[in-house]
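**Q** Let's have the full structure, built from the sequences with the hints guiding it.
Chains as they are written, first to last, in the UniProt record's numbering: chain P, 1 to 122; chain F, 1 to 173; chain A, 1 to 332.
Be careful, since some hints might not be right.
Keeping only pairs whose Cα atoms sit at most 35 Å apart, straight-line, the calculated DSBU-like set for lysine-lysine is [as the list claims (entries may be wrong)]:
1) A:K41 x P:K116
2) A:K74 x F:K164
3) F:K164 x P:K116
4) A:K70 x A:K80
5) P:K42 x A:K311
6) A:K74 x F:K27
7) P:K42 x P:K31
8) P:K31 x A:K80
9) A:K74 x A:K41
10) F:K95 x P:K31
11) F:K27 x F:K95
12) F:K27 x F:K164
Just so you know, these hints were derived from the structure itself, not from any lab.
Bear in mind the structure is a predicted one, so any value in this text is a computation, not a measurement.
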Amino acid sequence: MGNVYANSYLIVFVFLCIGVLLPVGALTLGKLLRPHVPSEAKQTTYESGNNPFHDSRVQFQVRYYMFALLFVIFDVETVFLYPWAVAYNKLGLFALIEMLIFVLMLVLGLIYAWKKKVLQWM
Amino acid sequence: MSGEYLAFLALALVAITGGVLMLNLTKVVHMVIALVFTFISIAGLYVLLSAEFVAVVQVLIYSGAVTIMMLFGIMLTRHQEEEGEKTTTGGFWRKALTAIAVFAFGIAVYLGVYRLDFGEEGARLHENNTEQIGMALYSHYTIPFEIASVILLVALVGAIILAKKDDEGAPKS
Amino acid sequence: MEQLLNSVPSWTNVAIFFGLGAALLLMVLAFVTYGILAERKVMGFMQGRYGPNQVGGRWGLLQTVADVLKLLLKEDTIPKAADRPLFILAPILAFAPAFMVLAVLPFTDAFQFADIGVGLLYYIAVSGLTTIGVVTGGWASNNKYALIGGMRAAAQMISYEIPLVMSVLGVVLLTGSLNLNDIVEAQKNVWYIFTQPVAFIVFLIAAVSELNRTPFDLPEAESELVAGFHVEYSGFRWAFFMLAEYVYLFAMAALTTILFLGGWHPVMFLGFIPGPVWFALKFSVVVFVLIWFRATFPRLRADQLMELGWKVLFPVALANIFVTALVKELFF
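**A** Encoded structure:
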């Protein structure tokens with residue numbers, strides 16, 4: 001491992017620590033300053049002034065899941081596209097055709113999803 | 001380098017804790033969040049191995065995308081029933097057998113790892129990591145790469161067919 | 001910084017990095033404080049109002065400071081029905097990635113932190129983690145509005161992450177590197193906004209959506225969902241969700257400057273003005289444009305939003321990549 005590499009990831013780690021320490025620290029400090037007078041009414045769940053009814057963890061429609069799935073598939077595609085774009089200078093035309101075939105396959109999938117109205121929200 | 005060793009220990013500890021928590025927690029959403037910590041510490045382990053591209057992909061695909069997909073999947077299902085009492089499993093013999101199996105597996109892995117010959121260690125892995133991957137992937141491994149696209153397409157189309165079938169029977173909400 | 005990066009890693013280095021990181025944190029907090037004030041002032045100006053003008057003189061300079069102090073003194077309530085551990089964890093899950101992405105942004109050639117080879121992808125990957133914090137917060141609140149808001153926010157964020165990631169690929173193709181320093185260096189003569197205009201437009205739209213700002217602020221649509229995923233949050237826990245949002249505004253404006261506006265490079269012959277000034281100028285322009293959007297555009301409908309992402313931006317970004325690759329192959 002080179003020094004720049006190691007130091008850079010040390011910085012990432014330090015930033016993670018700061019990012020966690022700030023909320024933890026601020027909330028602990030705030031505990032000393034803020035009032036704490038819990039009451040039954042305050043701790044009920046907000047529902048536009050009504051008493052909460054039923055369980056709030058409702059069953060969501062399948063289309064949310066479809067978008068998540070599309071996201072995973074195309075995220076994997078971008079993961080393939082990134083090294084290709086970086087190395088493109090040294091690869092040339094063959095790599096372009098290779099990638100065209102790859103993307104066309106997934107575009108087929110996208111068109112299929114489009115035709116099946118998966119991309120429609122309502 | 002002792003710093004590297006320390007980082008490895010910490011990351012491995014978080015990864016294992018996350019995994020154990022995932023198995024032991026009762027609520028499904030808690031399990032997924034525990035899994036996120038495992039995924040992120042595995043990304044950290046990749047960084048220690050000079051594989052920064054793989055590390056970032058690990059965060060992007062697993063901690064980001066797959067976790068969201070799991071969360072959405074949980075929201076799709078009703079999950080009150082499974083938060084009931086845990087059932088106790090197995091008697092003494094079963095536990096003993098499991099323990100022996102775990103130990104045997106551990107020893108096998110230990111021996112395997114220490115006898116493994118990694119060949120020459122790549123000293124320049126951290127320089128232009130992404131470019132090296134790109135060069136290898138698109139000049140030597142063309143066919144597996146194209147097959148990956150077919151697999152992704154099959155996954156996409158299959159999921160749409162399954163979901164559409166499910167959707168027709170489900171009530172509108 | 002460069003010297004420090006080349007030194008042997010040690011505990012002293014960690015301490016120095018911690019100090020520098022804390023300094024950056026203070027800078028970002030100052031930006032957020034005055035960014036919010038600027039937003040209110042600019043929007044007031046555009047809507048023919050005054051905006052804050054009481055606390056801290058004629059310009060309302062202490063307005064945000066007063067707001068923060070007020071939040072600090074607010075009682076912190078956790079609803080009984082909420083999932084306590086996750087309710088507490090969610091703001092941290094949302095905020096920590098927001099600060100982590102700042103580690104790789106080169107503000108000027110001297111003022112920058114980590115110099116990693118996959119900088120751009122690191123930004124995208126880590127910023128994706130905030131979505132988990134949002135869904136977790138919505139779920140842990142055990143509130144119908146919060147859960148629906150959280151799910152909507154997540155669905156929107158993931159739908160726009162794809163065009164965002166794809167649009168940037170045009171820039172990566174031209175540079176041949178994911179390192180943000182290399183990307184800025186490659187724009188010494190021509191900024192990428194001129195060579196990659198399509199990518200820039202897609203990136204800007206997707207970025208506004210990722211930031212959950214108007215016209216894409218559906219997750220927080222106050223008239224429909226009360227306040228979205230953070231209905232049940234109060235006091236400083238709520239403040240951390242908002243802080244994360246504004247830190248992302250900072251990060252995204254900085255990233256736009258780095259990717260498309262040439263970072264700290266000067267305009268043509270005006271090289272005598274130092275780099276930091278140039279960066280600050282471009283950065284401010286981007287922030288101003290984002291505020292301008294907020295004052296100008298009406299909110300989109302949920303179905304329009306999703307279809308815009310998948311049916312327009314995504315194919316356009318994809319086409320842009322191949323046109324760029326083809327042009328590069330044929331003419332360079």
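**Q** State for each hint whether it applies.
**A** Evaluated hints:
1. A:K41 x P:K116: violated (47 Å)
2. A:K74 x F:K164: violated (48 Å)
3. F:K164 x P:K116: holds (8 Å)
4. A:K70 x A:K80: Holds: K70 of chain A and K80 of chain A sit about 24 Å apart, inside 35 Å.
5. P:K42 x A:K311: Not satisfied, since the Cα-Cα distance of roughly 45 Å exceeds 35 Å.
6. A:K74 x F:K27: Holds. K74 of chain A to K27 of chain F sits at ~31 Å (cutoff 35 Å).
7. P:K42 x P:K31: Since the Cα atoms of K42 of chain P and K31 of chain P sit roughly 18 Å apart, the hinted pair holds (cutoff 35 Å).
8. P:K31 x A:K80: Roughly 19 Å between the alpha carbons, so the hint for K31 of chain P and K80 of chain A holds.
9. A:K74 x A:K41: It holds: about 25 Å lies between the C-alpha atoms, which stays within 35 Å.
10. F:K95 x P:K31: Violated, at about 46 Å.
11. F:K27 x F:K95: Within the cut-off at roughly 25 Å; holds.
12. F:K27 x F:K164: holds (28 Å)
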